[in-house]
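**Student:** Here is what each chain is made of, one letter per residue.
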Amino acid sequence: KQEVTQIPAALSVPEGENLVLNCSFTDSAIYNLQWFRQDPGKGLTSLLLIQSSQREQTSGRLNASLDKSSGRSTLYIAASQPGDSATYLCAVKDSGYSTLTFGKGTMLLVSP
Amino acid sequence: DAGVIQSPRHEVTEMGQEVTLRCKPISGHNSLFWYRQTMMRGLELLIYFNNNVPIDDSGMPEDRFSAKMPNASFSTLKIQPSEPRDSAVYFCASSFGRRDEKLFFGSGTQLSVL
Chain X
1 KQEVTQIPAA LSVPEGENLV LNCSFTDSAI YNLQWFRQDP GKGLTSLLLI
51 QSSQREQTSG RLNASLDKSS GRSTLYIAAS QPGDSATYLC AVKDSGYSTL
101 TFGKGTMLLV SP
Chain D
1001 DAGVIQSPRH EVTEMGQEVT LRCKPISGHN SLFWYRQTMM RGLELLIYFN
1051 NNVPIDDSGM PEDRFSAKMP NASFSTLKIQ PSEPRDSAVY FCASSFGRRD
1101 EKLFFGSGTQ LSVL
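Heads up: the protein sequence lines correspond to chains X and D, in order. Quick note, the first sequence lines up with residues 1 to 112 if you use my numbering. Quick note, the second sequence lines up with residues 1001 to 1114 if you use my numbering.
The following block holds chain X by itself, in its conformation from the complex (with noise of 0.2 Å):
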């Protein structure tokens, strides 16, 4: 059964950092991994999908990579602002037609 995991689960940083957020996953053989946005008391928003032929996507400050073969995937943001503060969530989906494992999500604060 895939297992996916975040770390760490809560991160505060001081505006205009870069950061980087981790999610690991214990079956490679995935279809695709995506990173959510989850604002307080609100549902999720996809930011980044990347399928397993890919090794990184881009949006903006948001970059996403994904190694495969280590079960990794890191979700960089650069130059962070107070707006970015939010849980972050990956999840991986293990073939075309199975359903989303979600990570418990890293927490990040962005203080100015």
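Any given hint might turn out to be false.
[As the list claims (entries may be wrong)] Distance windows between CB atoms, simulated:
| id | chain 1 | residue 1 | chain 2 | residue 2 | range |
| --- | --- | --- | --- | --- | --- |
| 1 | X | Pro14 | D | Ser1073 | 24 to 34 Å |
| 2 | D | Gln1017 | X | Pro14 | 44 to 54 Å |
| 3 | D | Gly1016 | X | Glu15 | 44 to 54 Å |
| 4 | D | Arg1064 | X | Thr5 | 23 to 33 Å |
| 5 | D | Asn1051 | X | Gly41 | 40 to 50 Å |
[What the hints assert, rightly or not] The calculated DSS-like cross-link candidates involving lysine-lysine, where the alpha carbons are at most 27 Å apart (straight line), are:
| id | chain 1 | residue 1 | chain 2 | residue 2 |
| --- | --- | --- | --- | --- |
| 6 | X | Lys68 | D | Lys1102 |
| 7 | D | Lys1078 | D | Lys1024 |
| 8 | D | Lys1102 | D | Lys1078 |
| 9 | D | Lys1024 | X | Lys1 |
| 10 | D | Lys1102 | X | Lys42 |
| 11 | D | Lys1102 | D | Lys1068 |
| 12 | D | Lys1102 | D | Lys1024 |
| 13 | X | Lys42 | X | Lys104 |
| 14 | D | Lys1024 | X | Lys68 |
| 15 | X | Lys1 | D | Lys1102 |
| 16 | X | Lys68 | D | Lys1068 |
| 17 | X | Lys42 | D | Lys1078 |
| 18 | X | Lys68 | X | Lys42 |
| 19 | D | Lys1068 | D | Lys1078 |
| 20 | D | Lys1078 | X | Lys68 |
| 21 | D | Lys1024 | D | Lys1068 |
| 22 | X | Lys42 | D | Lys1068 |
| 23 | X | Lys1 | X | Lys68 |
| 24 | X | Lys104 | X | Lys1 |
These are computed hints drawn from the structure, not numbers from a lab. Backbone N, C-alpha and C define an ideal beta-carbon position, used for all residues, glycine too.
Position chain D relative to chain X; hints supplied.
**Tutor:** Same frame as chain X, but now just chain D:
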């Protein structure tokens, strides 16, 4: 589009009462998912439907939980009888097609069972 709409936003009930959570998926989406989120267990898939048919309900905790999708624009998740350990945030999400990975989430229902 208004996105995935869930109601109610908050529900407080007493142990033993029936609870019904509602979801309206995004128009045109044919897959619907019910998730439960707690601090201890994170986000767990309860059940998902494709074209209104339940495909995988292995995440439904026990017989007290049931879900229906009578048509493409409406789904319910019912708990009867409710217990304090059911307290959590329940999310509904929808997508277009089983292989499509982009999920759109509703804002959730915060359920408190006293």
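**Student:** With reference to the structure, classify each hint as holding or not holding.
**Tutor:** Hints, one by one, checked against the model:
1. X:Pro14 x D:Ser1073: 24 to 34 Å: violated, 46 Å
2. D:Gln1017 x X:Pro14: 44 to 54 Å: holds, 47 Å
3. D:Gly1016 x X:Glu15: 44 to 54 Å: Holds - the Cβ-Cβ distance for glycine 1016 of chain D and glutamate 15 of chain X, about 49 Å, lies within 44 to 54 Å.
4. D:Arg1064 x X:Thr5: 23 to 33 Å: Hint holds: Cβ distance 30 Å, inside 23 to 33 Å.
5. D:Asn1051 x X:Gly41: 40 to 50 Å: For glycine 41 of chain X against asparagine 1051 of chain D, whose Cβ atoms are near 31 Å apart, the range 40 to 50 Å is violated.
6. X:Lys68 x D:Lys1102: holds, 20 Å
7. D:Lys1078 x D:Lys1024: holds, 15 Å
8. D:Lys1102 x D:Lys1078: With Cα atoms ~26 Å apart, lysine 1102 of chain D and lysine 1078 of chain D stay inside 27 Å; holds.
9. D:Lys1024 x X:Lys1: Answer violated: lysine 1024 of chain D to lysine 1 of chain X is near 31 Å, above 27 Å.
10. D:Lys1102 x X:Lys42: holds, 17 Å
11. D:Lys1102 x D:Lys1068: Cα-Cα ~23 Å, so holds.
12. D:Lys1102 x D:Lys1024: holds, 17 Å
13. X:Lys42 x X:Lys104: At roughly 15 Å apart (the allowed maximum being 27 Å), lysine 104 of chain X and lysine 42 of chain X satisfy the hint.
14. D:Lys1024 x X:Lys68: violated, 36 Å
15. X:Lys1 x D:Lys1102: holds, 22 Å
16. X:Lys68 x D:Lys1068: violated, 37 Å
17. X:Lys42 x D:Lys1078: holds, 21 Å
18. X:Lys68 x X:Lys42: Violated - the C-alpha atoms of lysine 42 of chain X and lysine 68 of chain X are around 30 Å apart, more than 27 Å.
19. D:Lys1068 x D:Lys1078: holds, 8 Å
20. D:Lys1078 x X:Lys68: Between lysine 1078 of chain D and lysine 68 of chain X the Cα gap is close to 39 Å, so the pair fails against 27 Å, i.e. violated.
21. D:Lys1024 x D:Lys1068: Holds: lysine 1024 of chain D and lysine 1068 of chain D sit about 12 Å apart, inside 27 Å.
22. X:Lys42 x D:Lys1068: holds, 24 Å
23. X:Lys1 x X:Lys68: holds, 16 Å
24. X:Lys104 x X:Lys1: Holds. Lysine 104 of chain X to lysine 1 of chain X sits at ~16 Å (cutoff 27 Å).
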